[in-house]
Amino acid sequence: MKKRPPRSPRPRRRTAPRARPAPAPAARQDALLRLSTEIASAENERDVCRAVVAGLFDKALGYDFVAVLLVDQASGERVLVASEGWKDAPADLRIRPGQGLSERPLLDGRLHYAPRVTRETRYLPTRNEGSEVDVPILANRELVGVLVVESNRADAFEPDDLQILAAAAHQAGIAIGRVRLLGALHVRASEQQALIDTMSDLSRQLELSKLLQAVLERAVGLLGVSHGELAIYQPDSRDLEIVASHNVGRRDTTGTRMKLGEGAMGHVARAREPVLIPDYRQWPGRSAQYAAVEFHAVMAAPLLMGDHLVGAMAFMDRDPRRQFGLEDLRLLNLFAPQAAVAIENARLYTAAQHQTRYFQELVENNPVAIVTLDQQHNVVSCNPAFEALYGYTQSEVLGRNLDDLITTPETRRQAVAYTEQALNQRPVKVISQRRRKDGTFVDVEVLGVPVVVGGKRVGLMALYHDITALLAARREAEEASQAKSRFLASVSHELRTPLNAIIGYSELLQEEVEELGVGQLTGDLGRVKAAGQLLLALINDILDLSKIEAGKMEVHLETFEVRDVLDAVTATVQPLLEKNANRLVVEGAAGCGAMRADRTKLTQMLLNLLSNASKFTKAGTIALKVTRAEEPDETWVTFAVSDTGIGMTEEQIGRLFQAFSQADTSIAGKYGGTGLGLAITKRFTELMGGEVRVESRPGVGSTFSVKLPAGTRDAVTRSG
Amino acid sequence: MPRILLVEDNEMNRDMLSRRLVRKGFEVDMAFDGKAGVDKARGGAYDLILMDMSLPEIDGWEATRQLRAAPETKAVPIIALTAHAMAGDREKALAAGCNDYDTKPIELDRLLGKMAALLPASGA
Chain U
1 MKKRPPRSPR
11 PRRRTAPRAR
21 PAPAPAARQD
31 ALLRLSTEIA
41 SAENERDVCR
51 AVVAGLFDKA
61 LGYDFVAVLL
71 VDQASGERVL
81 VASEGWKDAP
91 ADLRIRPGQG
101 LSERPLLDGR
111 LHYAPRVTRE
121 TRYLPTRNEG
131 SEVDVPILAN
141 RELVGVLVVE
151 SNRADAFEPD
161 DLQILAAAAH
171 QAGIAIGRVR
181 LLGALHVRAS
191 EQQALIDTMS
201 DLSRQLELSK
211 LLQAVLERAV
221 GLLGVSHGEL
231 AIYQPDSRDL
241 EIVASHNVGR
251 RDTTGTRMKL
261 GEGAMGHVAR
271 AREPVLIPDY
281 RQWPGRSAQY
291 AAVEFHAVMA
301 APLLMGDHLV
311 GAMAFMDRDP
321 RRQFGLEDLR
331 LLNLFAPQAA
341 VAIENARLYT
351 AAQHQTRYFQ
361 ELVENNPVAI
371 VTLDQQHNVV
381 SCNPAFEALY
391 GYTQSEVLGR
401 NLDDLITTPE
411 TRRQAVAYTE
421 QALNQRPVKV
431 ISQRRRKDGT
441 FVDVEVLGVP
451 VVVGGKRVGL
461 MALYHDITAL
471 LAARREAEEA
481 SQAKSRFLAS
491 VSHELRTPLN
501 AIIGYSELLQ
511 EEVEELGVGQ
521 LTGDLGRVKA
531 AGQLLLALIN
541 DILDLSKIEA
551 GKMEVHLETF
561 EVRDVLDAVT
571 ATVQPLLEKN
581 ANRLVVEGAA
591 GCGAMRADRT
601 KLTQMLLNLL
611 SNASKFTKAG
621 TIALKVTRAE
631 EPDETWVTFA
641 VSDTGIGMTE
651 EQIGRLFQAF
661 SQADTSIAGK
671 YGGTGLGLAI
681 TKRFTELMGG
691 EVRVESRPGV
701 GSTFSVKLPA
711 GTRDAVTRSG
Chain P
1 MPRILLVEDN
11 EMNRDMLSRR
21 LVRKGFEVDM
31 AFDGKAGVDK
41 ARGGAYDLIL
51 MDMSLPEIDG
61 WEATRQLRAA
71 PETKAVPIIA
81 LTAHAMAGDR
91 EKALAAGCND
101 YDTKPIELDR
111 LLGKMAALLP
121 ASGA
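Protein sequence lines, in the order shown, are assigned to chains U and P.
Residue 470 in this note's numbering is what sits at position 470 of the first sequence, and the numbering runs on without skipping anything.
Residue 88 in this note's numbering is what sits at position 88 of the second sequence, and the numbering runs on without skipping anything.
Chain P on its own, in the form it takes in the complex:
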C-alpha cells in the first residue's frame, strides 16, 4: 500500500483529497504547512509527496528544494499541486525539483495517472 504525504494548508481540499485517495487504496499522511511537510517527509519514508505550492511558513517550492537537498528525501517523487495556472508555474515547479505538476481543481483520474507513473510498479 503506497504511502502518500499530502502537504496542503486548505482544510477542505486536504480533507477531500485525502479521503478520495484513501478510497483508492492509498495510505495518506498529511501536513498543514511547508515546514511541517519537510519535517514529516524526512522522518516518514513516503513513496510519493503531493505538495501544494502556496503554503504558510515556507512555500512549496522552498520545501521541495529542502527535500531534494536532504539525502533521505532526495529520491522521493514529488507532484506539485497549485491553483496558479499562470505561465511559468509548471517550469518553476519542475525547476525546484518536482517530478510532475498538476493544477487544481484536481481531476482525480488525471492525478492518479500521474501518480501511477511515478510510483514503483504496484503489487510488487
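One chain only, chain U, in its complex shape:
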C-alpha cells in the first residue's frame, strides 16, 4: 500500500461517468439467463471468464467495469483474464499478493462491498470516486479467482446487485471447475498416451544405444523440460555411466562416470528414491564434474526394476524459474519403471547377443575340429579346424551324413554306434581312425556329447583331436622302453656268463684245495664264491624287475601244498638265521592246505622277507605265520613275517617298495642286500592278485604280510 498497485485501475477508464438508471426487474432476469447459457457453453477457462464478464456488462445491469482475475498457482498473483469497461486493458495484467481490494475475497472467501472506494485503506487513491464489489470464485472448493465489478458512483450497489453478482461468480466457479477437470483429464489422457507410445516404442528398440536416447527424449518431452541425462549402472565397476544426454553441458557428456552418491543421479541411485533440488548451484551433493552448470532446479530419479538398480535420470530446464513439483514427480514415477524394464531388456538382449558371438568365436577359432549334427546324423555346422583336419569345406559337408564322409569301412559301424550313443545323452570318448577327403587316414581322439537345449535333445557335437603326433610319441616311448628291457636282459646275460665261471671255478678250487691239503685257502675261495653269488643275486633281481616293467614277467600257476614251500624255505634260510643267532618260529603250517600260485615266485618272496628279517635282527625271534581266510569271493592265504629287529619309521616305510631304496641309505653298507627284494616282492604279489602290508615300529620290530588268493576255489567247485 505504500506503492500504487497496478490493479484494475479506474483512472484511465473513462472521463465521463455513466448515469445508472434503475434496472427493470424483467430485463435483469433476461440478462442473468443469458449469462447462464453463455457460461455453460464455454469450453475453457478464458471463455468462461469472458462469458461472465460479457454477461454482467449488460446495459440492463448498468455496471461500469467488470473483470475476472484468476490466481496463478505458482506465483500467487492475480492475472486479469477478461474485462469489460477498460478499453486498453493490458493482456495478462498481474497483481501481486498484498495489493488491491480484489485480494480480500481470496483471503477470507467472502464477498466484499466497498460503497466508497476512497474510504478503503487497501485502496490506492485514484480519481475514481465510485463503489466496488469483489466476489470470490470457488471452483472444486478451491479459491481460484475474483469477480471484480465497479461503478463510477458511490453507493451504487443494492442488495439485489450483490445477489446477482454472487450468483454469477458461483456459476463461473462451477464452469471453471468443470473445464479444469476436463483439462486435467485431457492432460492425463495425453500423458498416458505418451507412456503407451513409449512402451511400444521401447519394446521394439533392442539396440541399446538407440533405446537409451529414445527413452531420454521421451522423458524430456513428457516433462516439458529442455535438458536431460540418462546414466546406467555398471555393476562391475559399481558406478554410473552417462549413456544419453539431451542438451546438457557445452560438450556431449556421454561417457562421464559417477560414483554412487556423486551428484544428483549418484544420489538417487544410492538412495533409491527421486530427489527434487530447488537450486543445484547451492546443493551440497553436487558433483565437481558439474561445477560449471548454470541450472537451478534439478529433478532426478533412479531407474529400478524391483530392487535391481538399472540406472538414473536427471532433468533440468533452461528457464531459471522452472521449479519441479509433485506433478512432475508423478509423471516421472509413471515413466521410470517402464524405462527401467526396457533398458534392462535391451541390456539382456545385448548380453545374449554378445554371449552368442562369444561362443561362435570359441568354436570358430578352436584348434580342435568341431562339428554339430542333427538327430539324423547330418552335419549342421563345422569349424575351420574341422575343414583343415578332413579337407572338406563347410559347404561340402552341410546337410550330409557325417559317418558317410569320414569313416572307413572298418570303423563305420562303430562310428554310427557312437553317434547313436552320444545322441542318447551318453558322452563318447574314444581313440579311433578317420578318413580325410583325399582318402588318407588320421588318428583321432573322438569326443561326442549330446546337445540339449531347454531339456530337449536337438543333436550332438563331435570333437576330433588329431593325435598322430601323440601316438608317434607313445610308440617312441614304448620302443625306448623295450630297448631298455632288451638292453638289461642282454647285459645281465653277458654278466652271468663270466660269473658262471667265477662261481664254478671257485667251487672247483675249493674241492681241489681240500684234496691237496691246502685247507687254509678255502676261506678266501669261499669269499670269492660268496661275492660272486651276491653279484648273481643282484643281476637276477635286476632282470626280474626289468621283466616286470616290460610286462614280460609270466606267472606259472601250479597247485602245491603250502607246507612243502614252507619246508623248503626254512631249510634254505637256516644258514642266514644262524649267522645272526636268530630263532625261526613257523605258525599255522599244519592247517594251511594247498594253493594254486606261482610256486617259484612265492618261494622267492618268502626267502626275500625271511632274509630281510634275519638281516635286521640280532639274537631275536623271527616268526613266519600262515593263515587261511575264507572271504565271500575268494580264499586268501596270508604269509606274515615278523621280526624283533630295528624297525622303521613311517617315512622309511614310505620309501620301502621303491627299487634300489632301502629304508636308510646307510643300511646297504651295514646290512648288505640289493634293495630290490621288497620291490620285487610287491610286484610279484600284485602280479598274483594279492597285496603286501607293512607294520613297523622303530626299535620294536617289523611285520611284512603277503596276502595271496589261494586260487583253489574253482578246483574245489569242480571236484565237488
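Derived by calculation from the structure, the hints in this document are not laboratory data.
You can take every hint at face value.
Pairs of lysine-lysine, DSS-like flavour, derived with a Cα cap of 25 angstroms:
(1) U/Lys484 to P/Lys92
(2) P/Lys40 to P/Lys74
(3) U/Lys429 to U/Lys456
(4) P/Lys114 to U/Lys529
(5) P/Lys24 to U/Lys529
(6) U/Lys552 to U/Lys707
(7) P/Lys74 to P/Lys114
(8) U/Lys547 to P/Lys92
(9) U/Lys547 to U/Lys484
(10) P/Lys24 to P/Lys114
(11) U/Lys579 to U/Lys529
(12) U/Lys579 to U/Lys625
(13) P/Lys92 to U/Lys552
(14) U/Lys547 to U/Lys707
(15) U/Lys87 to U/Lys59
Label-pair ranges, simulated between beta-carbon atoms:
(16) U/Glu478 to P/Arg19: 37 to 47 angstroms
(17) U/Arg583 to P/Arg19: 34 to 44 angstroms
(18) U/Val513 to P/Arg110: 20 to 30 angstroms
(19) P/Arg110 to U/Glu512: 13 to 23 angstroms
(20) U/Ala530 to P/Asp15: 16 to 26 angstroms
(21) P/Arg19 to U/Glu651: 51 to 61 angstroms
Reference listing, derived: stretches of chain P covered by chain U, where coverage requires no fewer than 3 residues with Cβ under 8 angstroms from a Cβ of chain U:
(22) 8-18
(23) 97-110
The C-beta atom is built at its ideal place from N, Cα and C for all residues, glycine as well.
Mind docking chain P on chain U? Use the hints.
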C-alpha cells in the same frame, strides 16, 4: 660210468663244468658248436646230453630237434642249459624236445639231481 656229451661253446664254462663232472665220476665228451654236437651225438652212444642253447653254426634248439628226429639219438635224455632266464625259455626248450632245463650259473648239486633223474639207475 655214464657217458655225458657236453655241448658248449664258451671255453671257460666248458672246461669248468667238464672238470667238475669228471670229478663226480662221469665220462665227459665235448662239442664246441651245435653242428659238431649233433654229429658227435649221432656217432657216440651217450647216456645224456647237456646242451647249451646259444651256440654257433646251429643253436641248441635246432640241434635238439635234429637229435630228436634221428632214430639213433631220439631217446637220449637232453638237459638244456642257458643263461637266458627270460620268460618262455623253459617252455621253448621243452618244446624243442629237451627233457629238462637248467639255468646258468650252474649250481652243481641242482644239476646233478636233474641228471640223476634222467639217467638209468646207477650201479646197474
